[in-house]
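**Q** For reference, the chains in residue letters:
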Amino acid sequence: MASLRVLVGCKRVIDYAVKIRVRPDALGVVTDGVKHSMNPFDENAIEEAVRMKQKKLVKEIVVASCGPTQSQETIRTALAMGADRGIHVEVPKGTEESLQPLAVAKIFAKLVEKEKPDVVILGKQAIDDDSNQTTQLLAGILNWPQGTMASVVEHSDGKLKITREVDGGLEDISVNLPAVISADLRLNEPRYATLPNIMKAKKKKIEKMSPEDLGVDVSPRIKVLKVVDPPVREAGDKVPDVATLMSKLKEKGHI
Amino acid sequence: GINAEYGVLADTVAPHGYTVPLDLGSRGSCQIGGNLATHAGGLRVLRYGQLRASVLGMRVVLPDGGVLDSMSHMRKDNTGYDLKQLFIGSEGTLGVITDVSLLLPQQPSSVNVAMFGCSSFEKVIQTYRLARQTMGEVVSACEFLDETCMRAVNDNLSLPSPFPDRHPFYFLVETSGSNQDHDMEKLEGYVARVFEEGGADDGVLATSKDQAAKLMALRENIAPALKQLGYNYKYDVSLPIKHMYSLVEKVVERAGESVVAVGYGHLGDNNLHLNVVTPSYSTELLALIEPYVYEEVARLRGSISAEHGLGLKKANYLRYSKDEGVISHMRMIKRLFDPNGILNPYKLLPWK
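Chains as they are written, first to last, in this note's numbering: chain X, 1 to 255; chain V, 1001 to 1352.
Isolated chain X, as found in the complex (with noise of 0.2 Å):
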């Protein structure tokens, strides 16, 4: 068959396994000299797309991001798990940080104009945000159908049937295409970049333009007061028998 074309999306953002600091500032976190990675949910996309088209329902997967200049790495690390070819929204550095949801949706709307994908996967939501809202935003904006926190993917006869993971369990459902999935952590086991792929993936085209070749304005609509460490945990207090703990309730005014 593999007559589709899929979009991907992923993103560069600081290692999940790193111990992240507040700025002196309060206004964001330490990224300087900081491991980044590519976002883990991004990581579960492109597995996804590279599946597809390992079973053949994919013609060619093509992978974006919108970063600085380092976001090719991580447009190279999808290269190398599969993706055919890769797209660099390029913003200038330090400015990636106020690079919102609503930016990046206008700016996949505009990618999916020009490329024409039957399928764009995102991953759920960035781990340095946590919106979990670009997805949804350029679903409304394309006007397409949406499968959201998506841990089972299944294809027949030009419909996608979805799996959702929501608070209440598991929800099943079904989208014509052309649609947007946003995939979750359990949708699959993403792949190691093999050293042979990595070597190929050099040779792979990566198309650069910036938000304003695609008539995008990035600014944002957001703006961050401060940034704080969460309060640390105090230690609590035990009592010996019911009446004190009606006492100690009654006294802190939580009764």
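Among the hints, erroneous ones may be present.
Some chain V residues flagged as far from chain X (calculated, every beta-carbon gap over 12 Å) [claimed, not checked]:
no.: 1; residue: Ser1161
no.: 2; residue: Ala1213
no.: 3; residue: Met1332
no.: 4; residue: Trp1351
If you want the footprint, here are the derived chain V segments under chain X, 3+ residues with CB under 8 Å [said to hold, decoys possible]:
no.: 5; segment: 1106 to 1115
no.: 6; segment: 1189 to 1196
no.: 7; segment: 1205 to 1211
Derived by calculation from the structure, the hints in this document are not laboratory data.
Given the structure is predicted, the values throughout are model-derived calculations rather than measurements.
Glycine is no exception: its CB is placed at the ideal position from the N, C-alpha and C atoms.
For chain X, the structure is supplied; the task is to place chain V on it using the hints.
**A** Below, chain V without anything else, positioned relative to chain X:
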């Protein structure tokens, strides 16, 4: 002084930008005093040298109750006999280490892990040598394992192989540096040559800390995985690199098909861990393996205990690695510090 467990030590120094120059599988439970007394080895000897090289000062309580105070924070102190070095690796037979001053290296900001699948041990050596040549200054660990070890970890501990195919040998290399871009460039140059020169049939590079930890876990969990297969006869030896795996093959020849013999270890330190696994312990099998293994190691001028020490089990085999003259001087030192023999009798020095 405070006995800090390794894990705690690492956490205490990390916020200051330092790391502990020792890293080993038991990091969550071992204690620094014990690490010094046994002169523990581990994964980072290749990069930071043996633990004794990082000791600046020490305080030891002697068997007569006296205290040998060699505490210092100087990096260079060439004044007389360096007595503290005697206690490192003395396995608690000369004194009890109570305080130590350790030189800490900088915490590297850029750590990369790659693993290769190789078709023979010669190819493993080839791939390893290329790593030393092309990126020696950032290499921080070089480990190898054979397919039986990989299988054991995959099947018994549910840690999957990163490769789609099986390979007779696997080589793991870790780099630690201060500049991710530089290290990546070195790594890519190295990898290109590995494949050009046919040193490996496949390879993977960890692209996140999580993947790096998973690759290291494959090597670090071999011992627990093998334990699940039966009784393990364990050997830890130093050998010239080209002979490292042939010892495993020879043991298989001798012991027969009913046993499983595996090799893995710190390739960069020429340190082989040889495990012979059987459903249950047998004195007949033991007689086939020992003293054969020690004789072979002695013949090749290796060490019968590269990093694990002698303890009780290997004390009587010390002669395979040290001559009688050296052993008699060791006994003199033991008598000097512990004339009543109260500290750890039957350990380290031969008693048979």
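**Q** Next step is simple, just say for each hint if it's right about the structure.
**A** A quick look at each hint next to the structure:
1. Ser1161: violated, 10 Å
2. Ala1213: Per Cβ check, Ala1213 (chain V) is inside 12 Å of chain X; nearest 7 Å; violated.
3. Met1332: holds, 51 Å
4. Trp1351: holds, 48 Å
5. 1106 to 1115: With 4 residues in contact (Cβ-Cβ under 8 Å with chain X), the coverage given for the segment 1106 to 1115 of chain V holds.
6. 1189 to 1196: holds (count 4)
7. 1205 to 1211: holds (count 7)
The structure shown violates the earlier hints numbered 1 and 2.
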